[in-house]
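Put chain B on the given structure of chain A with help from the hints.
Protein chains: 2
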Amino acid sequence: MKKEKKSKAMENSEEKKNKDELKCEIRALRERLLAQQQKLMEKKLPVIVLVEGWAAAGKGSLIGEVIREIDPRFYNVTSPAVLPEKDERYPFLYPYATAIPENGKIMFYNSGWMEGAVHKYLRRDITKKEYRARVSEVCEFERQLRDGGYLMLKLFLDIGEKEQGERLRRQKKNYETEWRVTEDDLWQHREYELFKETYKDFMAETGESVPWHVLNGEKRKKAVRDALRLLVELIDRGLEEGRYVGKPFKEKFPLIDMPKLSDVDLSPTVSDEEYDEELKKLQKRLGELHNLVYRRKIPVILCYEGWDAAGKGGNIRRIARPLDPRGFDVKPIASPEPHELNRQYLWRFWIRLPRSGHICSFDRTWYGRVMVERLEGFCSEDDWKRAYNEINEFERQLTDWGAVVLKFWIHIDQDTQLARFNDRQNTPEKQWKLTEEDWRNREKWPQYETAVDEMLQKTSTENAPWHIIESNDKKYARIKTLRLTIDALEKACEKHIARGL
Amino acid sequence: MKKEKKSKAMENSEEKKNKDELKCEIRALRERLLAQQQKLMEKKLPVIVLVEGWAAAGKGSLIGEVIREIDPRFYNVTSPAVLPEKDERYPFLYPYATAIPENGKIMFYNSGWMEGAVHKYLRRDITKKEYRARVSEVCEFERQLRDGGYLMLKLFLDIGEKEQGERLRRQKKNYETEWRVTEDDLWQHREYELFKETYKDFMAETGESVPWHVLNGEKRKKAVRDALRLLVELIDRGLEEGRYVGKPFKEKFPLIDMPKLSDVDLSPTVSDEEYDEELKKLQKRLGELHNLVYRRKIPVILCYEGWDAAGKGGNIRRIARPLDPRGFDVKPIASPEPHELNRQYLWRFWIRLPRSGHICSFDRTWYGRVMVERLEGFCSEDDWKRAYNEINEFERQLTDWGAVVLKFWIHIDQDTQLARFNDRQNTPEKQWKLTEEDWRNREKWPQYETAVDEMLQKTSTENAPWHIIESNDKKYARIKTLRLTIDALEKACEKHIARGL
Chain A
1 MKKEKKSKAM ENSEEKKNKD ELKCEIRALR ERLLAQQQKL MEKKLPVIVL VEGWAAAGKG
61 SLIGEVIREI DPRFYNVTSP AVLPEKDERY PFLYPYATAI PENGKIMFYN SGWMEGAVHK
121 YLRRDITKKE YRARVSEVCE FERQLRDGGY LMLKLFLDIG EKEQGERLRR QKKNYETEWR
181 VTEDDLWQHR EYELFKETYK DFMAETGESV PWHVLNGEKR KKAVRDALRL LVELIDRGLE
241 EGRYVGKPFK EKFPLIDMPK LSDVDLSPTV SDEEYDEELK KLQKRLGELH NLVYRRKIPV
301 ILCYEGWDAA GKGGNIRRIA RPLDPRGFDV KPIASPEPHE LNRQYLWRFW IRLPRSGHIC
361 SFDRTWYGRV MVERLEGFCS EDDWKRAYNE INEFERQLTD WGAVVLKFWI HIDQDTQLAR
421 FNDRQNTPEK QWKLTEEDWR NREKWPQYET AVDEMLQKTS TENAPWHIIE SNDKKYARIK
481 TLRLTIDALE KACEKHIARG L
Chain B
1 MKKEKKSKAM ENSEEKKNKD ELKCEIRALR ERLLAQQQKL MEKKLPVIVL VEGWAAAGKG
61 SLIGEVIREI DPRFYNVTSP AVLPEKDERY PFLYPYATAI PENGKIMFYN SGWMEGAVHK
121 YLRRDITKKE YRARVSEVCE FERQLRDGGY LMLKLFLDIG EKEQGERLRR QKKNYETEWR
181 VTEDDLWQHR EYELFKETYK DFMAETGESV PWHVLNGEKR KKAVRDALRL LVELIDRGLE
241 EGRYVGKPFK EKFPLIDMPK LSDVDLSPTV SDEEYDEELK KLQKRLGELH NLVYRRKIPV
301 ILCYEGWDAA GKGGNIRRIA RPLDPRGFDV KPIASPEPHE LNRQYLWRFW IRLPRSGHIC
361 SFDRTWYGRV MVERLEGFCS EDDWKRAYNE INEFERQLTD WGAVVLKFWI HIDQDTQLAR
421 FNDRQNTPEK QWKLTEEDWR NREKWPQYET AVDEMLQKTS TENAPWHIIE SNDKKYARIK
481 TLRLTIDALE KACEKHIARG L
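Residue numbers (this note's numbering), protein chains in the order written: chain A, 1 to 501; chain B, 1 to 501.
Because the hints were derived from the structure by calculation, they are not lab data.
Don't take each hint at face value.
One copy or two, it doesn't matter: identical chains are merged, so the pair holds either way.
Below are the DMTMM-like pairs computed for lysine to aspartate or glutamate, each with C-alpha atoms no more than 25 angstroms apart in a straight line [stated by the list, open to error]: (1) Lys-297 with Glu-88; (2) Lys-128 with Glu-65; (3) Lys-331 with Glu-102; (4) Lys-43 with Glu-337; (5) Lys-39 with Glu-337; (6) Lys-17 with Asp-276; (7) Lys-23 with Glu-273; (8) Lys-430 with Glu-25; (9) Lys-433 with Asp-415; (10) Lys-433 with Glu-69; (11) Lys-44 with Glu-436; (12) Lys-444 with Asp-413; (13) Lys-385 with Glu-340; (14) Lys-44 with Glu-337; (15) Lys-44 with Glu-340; (16) Lys-385 with Glu-449; (17) Lys-297 with Asp-423; (18) Lys-495 with Asp-324; (19) Lys-17 with Glu-273.
This is chain A alone, in the form it adopts within the complex:
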C-alpha cells in the first residue's frame, strides 16, 4: 500500500487545525448544555450519567471537563467506591440506588454498577452465580429508572493495555499521584485481557434498556467532545419528547396462588390463656433468633400492610418487645415528602433499608404504589401496572442479598373496622389514631379490596410471599405473625449453616 507522505510542517498545521476545531466544538456543546440546564429543571427531568472504564482511563477528569460550566445547583458527582466484601452491609445496588438524582438534576457516577459487579466477580469475592444475579439486577435497575422517566447515558472510557501501563507508571513516579495507583489497578493491568473480555460481556448483556457508548480514552479532547455531544443530544431528545412513562410488561415471576380476601375465614381466635403462654414462649424464641441472625448478618425485612385499625401497630410491638433495639427498627411510612416525590418511587425505601443482620419492620410499604397511589390517582395507570413487576424485582434483589422478606396483610372485615373506629372515636387517648382520611378510605373499601386482591395475586412470589393474617382477633393475629417470623428465621439460619457460612 502506498502511504501518502506529508511534510512535517503540513502535518503539524493540520493537527493544529483539528485541535482548534475540537476546541470550538467543545465550547459550542458546553453552551448548549448550559442552555439546557434550566429547561431540565422546568420540565423536572432527572439525568443519570454513568462513567465506567479502565483504571487510569481518565474518568474523573472527563467528568470534570463535562461539568466545567454547569451551575452546581444542577448536578452532582458520586463516586461509589468498591468496598471490601466484608464491609458490604447493604444490597449490591444500594450505593447506586440511593444516589439517584432528583427531578431536574444530573447525577454523574464516577464508576458505578459495572465496576461493582465486574470487580467483585474477577476478585472472586462473589461466585459466578452471584455475578449472574448482579447482571440481571443491573438490567432491572436501568429499565426501572428509564421507565420512571430518567434520562440515562452510559459511557465506557477505553484505553489500550500499553497506554494503561504507561499511565500507571507515570502516576507511580510522581509523588503527588503515586498514591492514586492502587494494588487493584496494578492487578487489573496484569489481568488486562481477562477484564477486557468481562467488560465486553457485561456491556453486551446490559445494553437493552440503555445503550452503552465506548469512548476512546486515549484521545482525551475527543472523548470530552463525544461525551458532551451524547449528553446534549440525550437531553434534547428528552426535552422534546417529554417525560417517558414505561409500559407495563408481562410478569416473569413464579407466583404463589393466593385466596381472594372475601374467601378468607376471619373466625379463628385464641383463648387468653393460650395467648399469654404462647406469646411468652414465642417472644423468647424470637429473641434468641435475633442473636443468631445478627451474628450471621442475615437481614430481615417485615412488611406490614392492612386495613386501617386492623392492628398493625400492636402486632409490630409484640414482635419488637424481645428484640434488642441496636438491631431492630420500625420504619413508619407516611405520605412522601417533597424530596421523596422528586425521585423514583422506590428511592424512599432504598434509603430506609436495614443493614445486614438487622431486623426492620416497615409499617406500610412500597405497596402504597398499587393501593393508595393507584386509587387516588397519584400515579398513572402505566405506573401502577408496571409496579407489580418492579416490586417483584426489588424484592428479589433483597432476597438475592440474603434478606428474609416477609409480607403480612393484616386482615379484618368491615364490621370489625367500624367497631374499632367507633372505639377510637369514643376513647380520648385513642382519638388521634382516627382521621377523616380513615373514614374516607373506609368508603372506598370495595375499590381497595379489588386492588389488594390484585396485589396479592401478582406479588406473592416464592422468595417473598404474602401472608394473610386474620386479625378480627388481634391476639390470634399476633401469635400467627410471630410464628411465621420465627419459622422463616429458623429456616434462614439453617440454610446459612447448611451453606457452611
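Same frame as chain A, but now just chain B:
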C-alpha cells in the same frame, strides 16, 4: 448494730409486694408516656434520650422497656458505634449531630457522645488535648440543642465491677450471646477503675446545660421505672412550659478585626493577560495540592457568601476546574425543605459535611441564619443573636477535626449589582438567574449591609476567618480566592508534615 431479723416467708412476701408495686408504677408511667406522644407531635417538641453506661449494664434492654408501648411513628433508636479511629472520616460529633430527631419525635441514643469520647481517650486513640476538646464540644452540642428547644434526658446505667464480671461471664458461656462480648468489653472490665474515674469526671464536666442521672443497672425493673419517670416528667415540663428558646450569651472567641463593608476599596482589577497567566498557574497548583490534602485526609470547607450577582458561581467554578470530582463537591444551599426546618438549623449542614480529604464548597451557608433568616423574621431575635456564638462553636468543631475552613464574602457595590441584574434581564440564557426575590433583596441593601457587617465582626475567628473578596472585577476576585485557598492548603499541609503525620 442490731439488725432486725425477718422470717424468710415475710421477706419473700415483702419482696413480692414491692415487685407488684413496681409493675404497677411502670404500667402507669407507660400510659402517661402514651398519652404524651400525641401532644409532643402537636407542640412539635423534639426529645433526645441519651443512654450511656457500662458494657453489659443493659442499655439496650432498658431502651426496649421504655419504648415498649410507644407507637413507632413517635420514636427512633440510634446506635452510633464506636468506630476504629482510622475509619473516622467525619468530625467527632457527626454521628450524633446527624441523628437528632425532628420535631415531635423522640430519639434514643444507645450509647453516644460520652462513650465516643471516653473510649477513644482511654484507648489512647486520641490525646489528652483532643479529649479535652471533645468534652468542650459535648458541652456546646448539648447547650445548642437545649437552646434550640430540644428536651434532653441523659442517663448513665451503672453496675458494679463484680456484677459486670458476672454478666460478661454469663454472656460468654451462652452460644447465642457470647459474640456480644467484645474484646473492648473485657478490656473495660479489666480497667474498671480507670473507666469509673473517667466516666465520673466526664459527667462532672458535662452536666451544666443538661444534668446527668445515674441509674442502678443492677436493679433492672427499678431502673426502667426511674428512666420512665424521668422521661415522663421531662416531657410534662416541656409541654407545660412550651418550647424553650435559649438566650444569647457573651462571645468567648478571639476575633479578628474586620473592616466595615463601606470602607472596602472595590477598585482593584487585574488585566486580562495577567488573569489568564495567573489563573493557569494557580489552578495547576491547586490541583497538585488537592492530591496532597486528599492523601493526608485533610478536610477542606470553602464557604461562599455574598451579594446576589456578586459572582459566587463563576468563582466556585474556577476553583472546581482543576479538582478531581471524586474528592470535590459543591453544596448549593437553597431554602430549607420541611424535614430540614423540623430540626435544629445546623442539621442540614452537618449532613452535608465532606469526608476528610475532600474539598467542599458551600454555595451559601449556615450564615443564612444571621442574614436572611434574621431579616425576614424566619427565626426569633434570640435565635439569630445566639447564632453568632453557635456558629463559632460549630466552625471550631470543624477545625478541631482538622478541617481548613475558609469563608469568602464576595463583595460588590450597588451600582455593579444593578448593571449585572440588567445584563441578566436582557440576556435570555441568563434570565433564570434573576428572580423577583433578587430585586426585593436589593431594596433591603442597607439592612443586609448592617447584618453582614455585624456577622463579619462577630464570626471572624482565628481558626475560621472571613475574607472579603473585592468582586467588582470578577477576575480579580477569582485570582484572590484561588490564592487564599492555595495559601491555606499549603499551610495545612506543612502543619501536617511538621506534626509528623
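Now for the hints, and whether the structure bears them out:
1. Lys-297 with Glu-88: Intra 10 angstroms, inter 23 angstroms, cutoff 25 angstroms: intra and inter.
2. Lys-128 with Glu-65: Close neither inside one copy (37 angstroms) nor across copies (46 angstroms); limit 25 angstroms.
3. Lys-331 with Glu-102: both (22 angstroms within a copy, 15 angstroms between copies)
4. Lys-43 with Glu-337: Intra 20 angstroms, inter 20 angstroms, cutoff 25 angstroms: intra and inter.
5. Lys-39 with Glu-337: So Lys-39 and Glu-337 pass the 25 angstroms test inside a copy (24 angstroms) and across (22 angstroms) alike.
6. Lys-17 with Asp-276: between (87 angstroms within a copy, 22 angstroms between copies)
7. Lys-23 with Glu-273: between (83 angstroms within a copy, 20 angstroms between copies)
8. Lys-430 with Glu-25: Result: close only across copies, 21 angstroms inter versus 67 angstroms intra.
9. Lys-433 with Asp-415: within (18 angstroms within a copy, 58 angstroms between copies)
10. Lys-433 with Glu-69: Answer is between: at 14 angstroms across copies they meet the 25 angstroms cutoff, but 52 angstroms inside does not.
11. Lys-44 with Glu-436: between (32 angstroms within a copy, 21 angstroms between copies)
12. Lys-444 with Asp-413: within (14 angstroms within a copy, 62 angstroms between copies)
13. Lys-385 with Glu-340: within (21 angstroms within a copy, 34 angstroms between copies)
14. Lys-44 with Glu-337: both (16 angstroms within a copy, 17 angstroms between copies)
15. Lys-44 with Glu-340: Both, since 14 angstroms and 22 angstroms are each at most 25 angstroms.
16. Lys-385 with Glu-449: The answer is within: 16 angstroms in one copy meets 25 angstroms, while 56 angstroms across copies does not.
17. Lys-297 with Asp-423: So Lys-297 and Asp-423 fail the 25 angstroms test inside a copy (42 angstroms) and across (60 angstroms) alike.
18. Lys-495 with Asp-324: Within one copy only: 23 angstroms inside a chain, 45 angstroms across chains, cut-off 25 angstroms.
19. Lys-17 with Glu-273: This pair counts as between: shortest inter-copy Cα distance 24 angstroms, intra-copy 91 angstroms.
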